[in-house]
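Starting from the given sequences, assemble the full structure and let the hints guide the process.
Taken in sequence, the protein lines are chains V and F.
Here my numbering is used: position 305 in the first sequence is 305, and no number is missing along the way.
Here my numbering is used: position 92 in the second sequence is 92, and no number is missing along the way.
Mixed in with the good hints there might be a few duds.
To be verified - Simulated restraints on C-beta separations:
(1) V:Val83 x F:Ile23: 55 to 61 Å
(2) V:Gly436 x F:Thr31: 54 to 60 Å
(3) F:Thr104 x V:Ala245: 29 to 35 Å
(4) F:Lys60 x V:Glu438: 28 to 34 Å
(5) F:Gly84 x V:Lys414: 31 to 37 Å
(6) F:Ala97 x V:Ala245: 44 to 50 Å
(7) V:Met432 x F:Lys85: 54 to 60 Å
(8) V:Ala245 x F:Thr31: 22 to 28 Å
In short, the hints are calculated from the structure, not lab data.
None of these values were measured; they are calculated from a predicted model.
We put the CB at the ideal spot given by N, CA and C, even for glycine.
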Amino acid sequence: MKTLTKLGLAAAVIAAPSLGLAQEAAEAAADVTPPNSEIGFIFTTFMFLVAGFLVFWMAAGFAMLEAGLVRSKNVTMQLTKNVALFSLAAIFYYLIGYNLMYPGDGWSVEGMLGAFGPAVLEAVGLEGSEPDLTYASVGSDFFFQLMFCAATASIVSGALAERIKLWPFLIFTVILTSIIYPIQASWKWGGGFLDAMGFLDFAGSTVVHSVGGWAALSGALILGPRIGKYTKEGRTVPIPGSNLALATLGTFILWLGWFGFNGGSQLYMDTAGNVADISRIFSNTNAAAAGGAVAALILTQVLYKKPDLTMILNGALAGLVSITAEPLTPTLGVATLIGAVGGVIVVFAVPFLDKLKIDDVVGAIPVHLFAGIWGTIAVVITNGDANIGTQLYSILVVGIFTFVASGVIWFILKATVGIRVGEEEEINGLDMAELGMEAYPEFSKG
Amino acid sequence: MKLIIATIKPFKLEEVREALTGIGVRGMMVTEIKGFGSQSGHTEIYRGAEYAVNFVPKIKLEIVVSAAMADQVVETITKTAQTGKIGDGKIFVLDVAQAVRVRTGETNEDAI
Numbered sequence: 001m002k003t004l005t006k007l008g009l010a011a012a013v014i015a016a017p018s019l020g021l022a023q024e025a026a027e028a029a030a031d032v033t034p035p036n037s038e039i040g041f042i043f044t045t046f047m048f049l050v051a052g053f054l055v056f057w058m059a060a061g062f063a064m065l066e067a068g069l070v071r072s073k074n075v076t077m078q079l080t081k082n083v084a085l086f087s088l089a090a091i092f093y094y095l096i097g098y099n100l101m102y103p104g105d106g107w108s109v110e111g112m113l114g115a116f117g118p119a120v121l122e123a124v125g126l127e128g129s130e131p132d133l134t135y136a137s138v139g140s141d142f143f144f145q146l147m148f149c150a151a152t153a154s155i156v157s158g159a160l161a162e163r164i165k166l167w168p169f170l171i172f173t174v175i176l177t178s179i180i181y182p183i184q185a186s187w188k189w190g191g192g193f194l195d196a197m198g199f200l201d202f203a204g205s206t207v208v209h210s211v212g213g214w215a216a217l218s219g220a221l222i223l224g225p226r227i228g229k230y231t232k233e234g235r236t237v238p239i240p241g242s243n244l245a246l247a248t249l250g251t252f253i254l255w256l257g258w259f260g261f262n263g264g265s266q267l268y269m270d271t272a273g274n275v276a277d278i279s280r281i282f283s284n285t286n287a288a289a290a291g292g293a294v295a296a297l298i299l300t301q302v303l304y305k306k307p308d309l310t311m312i313l314n315g316a317l318a319g320l321v322s323i324t325a326e327p328l329t330p331t332l333g334v335a336t337l338i339g340a341v342g343g344v345i346v347v348f349a350v351p352f353l354d355k356l357k358i359d360d361v362v363g364a365i366p367v368h369l370f371a372g373i374w375g376t377i378a379v380v381i382t383n384g385d386a387n388i389g390t391q392l393y394s395i396l397v398v399g400i401f402t403f404v405a406s407g408v409i410w411f412i413l414k415a416t417v418g419i420r421v422g423e424e425e426e427i428n429g430l431d432m433a434e435l436g437m438e439a440y441p442e443f444s445k446g
Numbered sequence: 001m002k003l004i005i006a007t008i009k010p011f012k013l014e015e016v017r018e019a020l021t022g023i024g025v026r027g028m029m030v031t032e033i034k035g036f037g038s039q040s041g042h043t044e045i046y047r048g049a050e051y052a053v054n055f056v057p058k059i060k061l062e063i064v065v066s067a068a069m070a071d072q073v074v075e076t077i078t079k080t081a082q083t084g085k086i087g088d089g090k091i092f093v094l095d096v097a098q099a100v101r102v103r104t105g106e107t108n109e110d111a112i
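Here it is as structure tokens:
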């Protein structure tokens, strides 16, 4: 309250010299009611832009997290993939993805397959266009939605790091962002058949995170583990990451970006109720991340006698993924617990995947797929409108579609151009083999 | 002249250096090394997978002193580097045939 009073005083002081002008303006505007019919449109659009650039920043988070968790001989390649996949996602979501995901009334197959055609924005200055003043500008909506699509692709790159060829990976990214992601996203967010059934996924525990996870899982299975990751006797050989400071920075960047990811998914900032909801979402999102991190911290201490930072980072992210399907209705306490369960899932899922010899370099599958499934189920805990049967059915439908479609693409790529680098290239590192460039040239082995 | 090679626990380096300069040692060579002795290795866990650390980090000291001083140096290192726990290190004493100070050309005892 103190701060508010001070601000009020400051505003009065600044306003004082122009008091006469302000009075005249106030008299002139006095008969305009409501004050401005565009105000909701303006605030919601502005909210989408801010939330959108927060989600954009998650691309940096993924890049740093992955750069930190791969070995130094593969860092340049990992960074190259991250900047390339984001840029390709931006182009192909514009060309194909956006209208496939949001066809409006233009479905090619009602509720199943959206419209084909590139995204088109409103004219400059809204000249000649009649925007939906109850929502937001197309430009802000496109910008915001594009970032989600790119995030999905980022999830895949981490799981397949250190052994996949650059170009086949980028071809997969193009297909994922232009076709696979938009089609399944249209089923829920485009108003398709899962939405009609009452499936609830607020910001995409399933639509974004599980989809990235399924695509990563099919890729990891077809690609195979890194050389030396599993011994003939079936033992797992740890391959520590090159820079845990970068991995931690990446996690915090993702954590920050998630406020836009979940908060922006409120989709409206035109009323006091909506603004309050957005602030509720921010707080719950943060609580879930904290819950996931603390759960992983305690659990690794108990299980392994020493906390494992990489697991704590994964735990925070799993907490974030877990709350993404329903960040609005939980209380702070329940949000913390939902996130904590995500953290627990990660700690058990990472060694579980290793037992199955599925090599996921950064833990993308436990974090995005397993915690994504949990988060989608957890909606029923606090949201009375959710139906467990519908949630499970939707998880299954989206999972099968994404896993099969991705698998087909990976198999085609494997059979035609090949998806894996040679043994020598893998051992020497992808940086020198595929790019001829090192991330840390001054720290060479001499 | 004697060459004394000692492996010690890394956290003991400063204490050993102070004790040795205290008794008149005027130079030493220090290397960060890894190795194993009766302490052998130990296991660590990364992302739920156990792995063996076969080589333990140690500090290697190389000190050349006059034969008369060698026992005192060995005794000082033993006393200061000792924790009583496994992995305290080892000390070896070798004969040195010749020593030269590069700057002046002085030899043997004058050079150290």
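Evaluated hints:
no., hint, verdict
1, V:Val83 x F:Ile23: 55 to 61 Å, "holds (60 Å)"
2, V:Gly436 x F:Thr31: 54 to 60 Å, "violated (34 Å)"
3, F:Thr104 x V:Ala245: 29 to 35 Å, "violated (47 Å)"
4, F:Lys60 x V:Glu438: 28 to 34 Å, "holds (31 Å)"
5, F:Gly84 x V:Lys414: 31 to 37 Å, "violated (59 Å)"
6, F:Ala97 x V:Ala245: 44 to 50 Å, "holds (48 Å)"
7, V:Met432 x F:Lys85: 54 to 60 Å, "violated (43 Å)"
8, V:Ala245 x F:Thr31: 22 to 28 Å, "holds (27 Å)"
Hints 2, 3, 5 and 7, counting from the list given before, are not met by this structure.
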